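K.L.:
Those protein sequences? They're chains X and P, same order as listed. Just so we're aligned: 230 in my numbering is position 230 of the first sequence, and the numbers increase by one with no gaps anywhere. Just so we're aligned: 1085 in my numbering is position 85 of the second sequence, and the numbers increase by one with no gaps anywhere.
Incorrect hints may have been included.
Footprint (simulated), chain X over chain P, 3 or more residues, beta carbon under 8 angstroms [as the list claims (entries may be wrong)]:
id: 1; region: 1023-1034
id: 2; region: 1039-1047
id: 3; region: 1069-1082
These are computed hints drawn from the structure, not numbers from a lab. From a predicted model like this one, the values you see are computed outputs, not experimental measurements. Glycine included, every Cβ here is placed at the ideal spot set by N, Cα and C.
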Amino acid sequence: MQEEIQPESEVVVIGGGVIGVATAYYLTKQGKQVVLIEKNEVASEASGANATFCTLPSGGDRLLHYFTAKGIAEYQKIDDSRELGRDIEFNRLGLLVLIETERSLELWKRSLEERLEFSPEDRIVTGDELTELEPNLSPIVKWGLYSPYGGHIECLYLVTGMADKARELGAKIYEHTKVVDINLDQGHVKSVLTDRGEVKADYIVNAAGRWAVEIGRMVGLELPITSERHQMVVTEMLDRPIINRHLISGAYREAVLLPAEQRKVIEETCFLVANEAKGNLLLGISGDPATEDRRVTFGRFHDICQQAVKYLPILKELRVNIIRSFANHYANTPDRHSLLGPVEGVDGFILACGMNDYGFQQGGIVGKVISEIICFGESLSVPPEIMEQTSFSRFLK
Amino acid sequence: MSEEGIICRCEEVTRQEIVAAIRSGARSVSAIKRRTSGGMGLCQGRTCQRLMAQILSEETGIPMSEATQPMTVRPPVRPLPINDIARR
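I would like the entire structure built from these sequences, with the hints used as guidance.
P.N.:
Dropping the structure here:
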């Protein structure tokens, strides 16, 4: 049943999540020959099981704001041009951060200054304006940071859409195929060895998400990536929308400001998502250490629902049903900057990993710059001084 | 069955949409689910999973024994009111 693997390709991309698929997509648009290897199926890990937030970050520095803003802009182009030939359900209704305490308000005011460069209409709202934006919020929410940039994208449709388009443009995508080893020849990548055979390549892109560490070791690199588990539950379709945009609790920022090793679930850390197109809500929580288990733990199931009814008491009045739950893993780096571009000493090996919760938002721009590095020898969409900050060499100093 | 026939009632996914997903690259029931949302609704695929497997088998020649590999079962097994879960 399985077709033979193509024995040679200009580029082999490892990983069928948003980063690998976007890289394959932009490469095939430039006419490059691409083989993509995915151990499970396209969008079967974090790219198919996330909170669908396509907004600026709720933590992080200028670099993360820069990459997410650029990534969202690429998705706007994809949505406007309808180039995938399918709807990606991009609603562009932005984000509202729910702020309850003076302390949290101060943190978000500082965040607002960082955001204005990329989303000039962001502002703190309160009183009638807050009520008008989200009439069903509990009165415990006293302020909001309203950010109209971006909104919701159905990540599953985006990633499978880009994969199907890349395939149509000539990319070979092999699912249920594992990378076993990478062969080098005098400091240059030579081939990828899979459980279905060998593929010779000039370039190999490591877009393996939390498994990027194992792929890195195959060429002698120790990539500083750790995993974090996010858990989510899904409500039934609601008859009418009870929220108008993505909501996230303000305490999330306090959580993400902590160093990775201290990050734990903070009880108030609940985020809620409007799934506009179909009318389901995604309710989620983050910050647990990763395990192989993709299920939601019973304790978290309870925590998530309790937080949800605290912010949106109407969920209780309507006796909304929970129909589904899922978990995923995000790949974090110590400084919360991603790992992008070539690596000294291993010619042809290109990193596209360590996305720190924001792989989905950054996918469009990361795929684009990686394809530029391969096709033109340098990044054209992002200036070199910014790319430098994502280089692996920063960990070797 | 007609092309407009509904395969997944909860998410209102038609036969035509399932066939389109397979033709654009889906090779498993889970992959069809990711492209159409079929099987992600109130009943979590109890009815439509087998129908999707049949269409997959017809379209691709993948034997039914392989096509019926179940989607991951995700709790809760039946819909639960948020009130009951949030209560301590």
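K.L.:
If a hint holds in the structure, say so; if it doesn't, say that too.
P.N.:
Quick rundown of the hints versus the structure:
no.	hint	result
1	1023-1034	holds (count 8)
2	1039-1047	holds (count 4)
3	1069-1082	holds (count 8)
When held up to the earlier numbered hints, the structure conflicts with none and fits them all.
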